[in-house]
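Engineer: One-letter residues, chain by chain:
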Amino acid sequence: MEELLKEVVLSEHRKQQIDSFIQTVTKLIQTVPKTPKVEVNDMSWLSGAVKVPFLLLPKTTKGKFCMAPPASVDLIGSYALGTCIKPHIRVDMAVTLPAEVLQPKDFLNQRYPRKRALYLAGLAQHLQSSSEVVTLRFSCLHGNRLRPILLLTPSGKDSSSFTVGVHACLPPGYFKPSRFHPKRNNIRTEWYTGLKTSNPESSEPPTPHYNNSILGDLLPRSHLQFLSAVSSKCSAFADGVALLKVWLHQRQLDQGAGCFNGFLASMLLAYLLISHRISSTMTAYQLLRNSLNFIASTDLTVSGISLAKNPDPTAPSLADFHDAFQVVFVDPSGHLNMCADVTACTYKQLQHEASVSMHFWDDPSVDGFHCLLMTPKPMIRTSDHVFQLCDLVKLQSSCKKQNLLCELMDHSGDYIHTALPFILSLLQRGLGQRIHLLAHSLTPSPVWSVESEAPKYKTQPPLSFGLLLNPEISAAVLERGPPADSSKVPEFRQLWGPRSELRRFQDGAITEAVLWEGKSMYQKRLVPKQIITHLLQLHADIPESSVRFVGALVDDVVKMGREVPSTGEEESLVVVQSYDDLSRKLWKLEGLPLSITAVQGAHPALRYTQVFPPEPLVLDHSFFDRDKISRSLVPKDVKPCPQYITPITVICHMEGSGKWPHDRLAIRHIRAAFHISLAELLKKDHNYTCRPCPTHLDVWKNGLAFRIQVAYHREPQVLRERVTAEGLLVVRDNEEAQALEMATIHKPLLTSMLHGLQQQHPCFGAVCRLAKRWLAAQLFSDEITEDAADLLVASLFLQPAPFTAPGSPQVGFLRFLHLLSSFDWRNNPLVVNLNNQLTAADYTEIKNDFMASRDSLPVMFLATPKDKKLSLWTRRAPSIQMLQRVMMVAAESLKVLECQLMDGSQMQDVRVVMRPPLEAYDVLIHLNPNQVPLLGQAVDPPAVTFNRGVVPNGAPQSGGPLPVIDYNPVTLYLMELREAFGDLALFFCDPYGGTVISVLWKPKTFVSAPFKTSQITARTVEVMGEEVKTIPNFGAILEDFRVLGKGLVKSVEAKTEKWAF
Amino acid sequence: MAASGKKHVRNTACVIPGGFTVLSLQFSPDSPAQHSVFVKEHKVRAERSSGRPLDRTLFVLNVPPYCSREVVRELFSIFGNVSSVELRDHPGSSEGSEPKLSRFFRPAEKQGFKVGYIVFEKSASVAAAKSHPRHVPLVVSTDQRPVKTGVQKWIQQYSQSFIPPDKLQQSVDAFMQDYDKRKEEEEERQRNEAEKQKDDEEGWVKVTRGHKGTKARPHSEAANHRALQREMRKKRRKELMNFYTWQHRNTQKEHIAELRKKFEEDKQRIALMRAQRKFRPY
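Same order as they appear, the protein sequences are chains A and B. Residue numbers for the first sequence follow UniProt numbering, beginning at 1 and rising by one. Residue numbers for the second sequence follow UniProt numbering, beginning at 1 and rising by one.
FYI, nobody ran anything at the bench for these hints, they're computed from the structure. Quick caveat, the model's predicted, so the values are computed rather than measured. Careful, some of the hints might be misleading.
As the list claims (entries may be wrong) - So the derived label-pair ranges between C-beta atoms look like this:
(1) Gln-1015/A to Glu-187/B: 21 to 29 Å
(2) Arg-722/A to Lys-110/B: 17 to 25 Å
(3) Pro-17/B to Gln-884/A: 40 to 48 Å
(4) Val-1007/A to His-255/B: 46 to 54 Å
(5) Met-232/B to Leu-870/A: 49 to 57 Å
(6) Gln-760/A to Glu-187/B: 36 to 44 Å
(7) Leu-592/A to Gln-157/B: 28 to 36 Å
Quick reminder that beta carbons are idealized off the backbone N, C-alpha and C, glycines included.
Can you make the complete structure from the sequences, with help from the hints?
Structural biologist: In structure tokens form, the structure reads like this:
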């Protein structure tokens, strides 16, 4: 904590720099020359170089104006308080308007705001002409166009280090604060609309936001005094505010219109101190904790809080504030609502963040500090679905449609912020139970140079809305309304318009209901999109074209299914059901010498995480050759490679018995015998086509292929035992035993655990599929295995802090990329707490073991409840170089993807992140597409398709000849290449339809080595006198690439410019 | 490749220091590139196995993956009749300890570059191979005897992977019978051993040295370890610690040194952590 504070507070050197700059600026400002009085509308006294930072809407107003030196110039805000933090250092200065500029009635009809803008323009003109070289820009305070500010940036080498914001404000007490009661009107309709109305003042609509903005200018100095008084009482105040600010900044809540800024944060702390909820002796850490706790537990939208101790009778009551504003937090004077611009949704988001933070703060399994203050939470990675309103001009018409003229007048024409609360409440009502939280982006304050006009509202960046879904309900296609005879029917009908209809349900009830489209999970996930576009169209006149929904753009890459687009949930379900059926049948088999003790799935398809789950197929038998003896189909070499049929691994544990031999070879034979007898029984009882092999049994069932492996639980132990020459029985771990244990024990266990996780989080499988698709496309699928990738994704769901568990595939995928790229693999183990089996003590134990033997452990360390010390799944790969590359590519992909998703103007092609850069490789082997069986799964689907011997739309049946199972030329080729040239080069390929194999020479390949009989693979010799050196025979190797892959390889492209032989 | 250029002209065998002769080998007659295969007569003193007679065996290095045993036999038959070919992943002595397995149960062979031991019928063939010039390459696949690679080979592999269940069952049965027989023999022998150690009618026990690995009590590493630890514990109980002054002083010194080392390590680790853990929030 202290270290963090050290990072964010300003250094002494910087402070001196700022102080000296401020002194010069102050001197300059105080020498502003006087000008004669002119009408406010007359701006001819300004030279053309400086424009007035104000949108003049309506054009004219009455009043006189002149320039004069300010009454005073002071520092206000965070810098004066010492709570300023890096990196965006903003020093605020208040320039008090001199009395001669003002007139008593200036609060009416935007006269004062305009004068303020003019005064700032005058200052800008003066500063521009003066000798001090500074960059001048205008901005406005928290996006409020009524309150422009002048930004000064020192030019030179430290130009970006800080900015000085010059606020123009009123002399204290110039206006009576009671003028600005939230129920009073200060903008006359007649003036605003230009139409003659005969309303008396009392019936004019109140203008609370306008009042509030002027009031804000009256009080900055008193606020500063108040805060400095508070902070002098509490020693840790400044640090506490700084921490709170960092916390807010990481959650993107501290900037833009309607933000919960640092000023509010310090006021909140002051409130807590005054109301004795925190004591003045607490540390910064405790301050942060208590304030988060307070935010999480207090709802300012219902019960506002006030800092005013003994409010004067003219001040409005809290109820008055609640009527006018959504969030209420009243300042010490009792007149100003400091949270006037904060929408209820923003506050709800703040509350949500605070409660999430409190939740994981105490969790010993989470690095609380890191999650709390170090992890940024951009909206695209936080919210499950995000959509954007692009054409903000459309909001003007929605204001019109909803009769929001009075509010528009109150906001002085800012139609975005006028319409926003209305749209938010509309969506909240429409989405109802489907979402936990609706968040929206805070429009950043525009910044423009003094030479240009103030930008229009429509030039603002699009408004983004984030949805946090409730996974159980969010995908429901039916919205059930009140019964037909209920009094709530009109309300429901009004909300949904023509989509609402009377329906009769199976339970006999007749109710109003809305039915959305969606057959597959992929379509159902987009139901919120349908709701949003429908509601916005109906009530706010916003056409579908200006709503940009980025909830499921990435899902495209794993899309399958022809008629109904889906992302594999349904297909996986079919596989799992078929497997359940098979396992039931296996259990019921009679006549086996030993009984079956367990049937376990050990394949990603059985835990919903296979990238492209196998689909039941019907085969065209004429496409294949027949094997005469076994009645099986065999591929023909003149035809394209047949459809790849994935064998789905099923482990079948047999009862232990004294009859099992205690010898490795004998066990292997007995297993083969079991395969044969299982095959016979399955054939006899259920007419499944089977193929028994020594290692497994292939079963062809309803268009799916299952690969059953019989396992004996003591076999790994037997493999480890060895009798030495002296007759000593030694137990030695070996690779064979490890591999067997992995296949028969760890994989089934992992599969069942992850299957359980999928039941809890419906989109777990989809995130895994996306993540693995990305890994495969970037040619990393051999480095991070499927199981490791699934575990990585599982950790996102089990330990989402500081987020909540992903509710859509896309956000899960983005977080997966973030995890890969930002996790400190060198110094931390990633603990995946499956089934919540690990306790806090286990965590420390894992961490300690990890620290103690870091160097001997895999570079990517994944700990699970069953595997605390070894990280089984990443033992073989990735290597340190590959992990570094994975991290780099992940970071880059994440950047590109987030940019694309959040910025509608960029090229919209999410597949960019799935296309690997091929320039880095030394040799590219291009494959013949017709021999690549999974071509259809490629990232960019090919234009041509080949007949692969599959009958479309057939009903799959069991029996018949055994199809071609597990025949993929690409994998066979890769295996041969790796076996032959694994010492010299690395081979990469996208297993899902990749048509390029990339080859990278190992660096040591090029080193010529002395002649050794054991290291002569694919090398040739050079004789230099008595010395013999060997060098790789590159020509022959390239020739071998062609020879080994005859029929599959189209061309071998050697990029010899990078290496020469 | 410079060396090969020189040898071209002379039309003699290319012998490199170390005694190997370099032969070139190419896949098909029109292949643009050639592999270098290194041959030498097989000369290992320690080896007495019958499979590799010293005078007639040619030792071949760097045999490409597409050359199966049959192909190698064909290739080298130009030097004389070949009686046997053995291909292995690494050079080394031949082994045959494992019981004979049927072909279904043999582990899959690695398909990489191999070393070969070619036994000719005549020893003159070895010399002929050794004097073969480098610029006349051996050709693996010709029109007369094409070698299947790539898709054709994989399809062939796939169709060969079918095993008729009855044959598989037969081989399993055969192995298990053999296994049972071996086991029975083993048991028989152990029974005999045990019988021998029983005392005869007069109460005498005949103590023999016996076979290796036939102790009456089977012992394992774990049991040995346990026994050893028991001994250690016993010893430690007996030993007097810190009895003499020098002993005491030494232990203290060691203790302090250890603490110091630990402290240093901790300090380093914290420094490392501080360096690695970045506290800059954004």
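Engineer: Taking the hints in turn, state whether each one holds.
Structural biologist: Okay, the hints, checked on the actual structure:
1. One distance hint, 21 to 29 Å for the beta-carbon pair Gln-1015/A and Glu-187/B, is violated here, with the actual separation near 47 Å.
2. Checked against the hint of 17 to 25 Å, the pair Arg-722/A and Lys-110/B passes, with Cβ atoms roughly 23 Å apart.
3. In this structure, Pro-17/B and Gln-884/A meet the distance hint of 40 to 48 Å, their C-beta atoms being roughly 42 Å apart.
4. About 49 Å separates the C-beta atoms of Val-1007/A and His-255/B, a value consistent with the hinted range of 46 to 54 Å.
5. A beta carbon spacing of about 29 Å between Met-232/B and Leu-870/A contradicts the range 49 to 57 Å that was offered as a hint.
6. Distance hint check: the CB atoms of Gln-760/A and Glu-187/B are about 54 Å apart, inconsistent with the given range 36 to 44 Å.
7. Against the hinted window of 28 to 36 Å, the Cβ-Cβ separation of Leu-592/A and Gln-157/B comes to about 31 Å, which satisfies the hint.
Against the hints set out earlier in the document, violations occur for numbers 1, 5 and 6.
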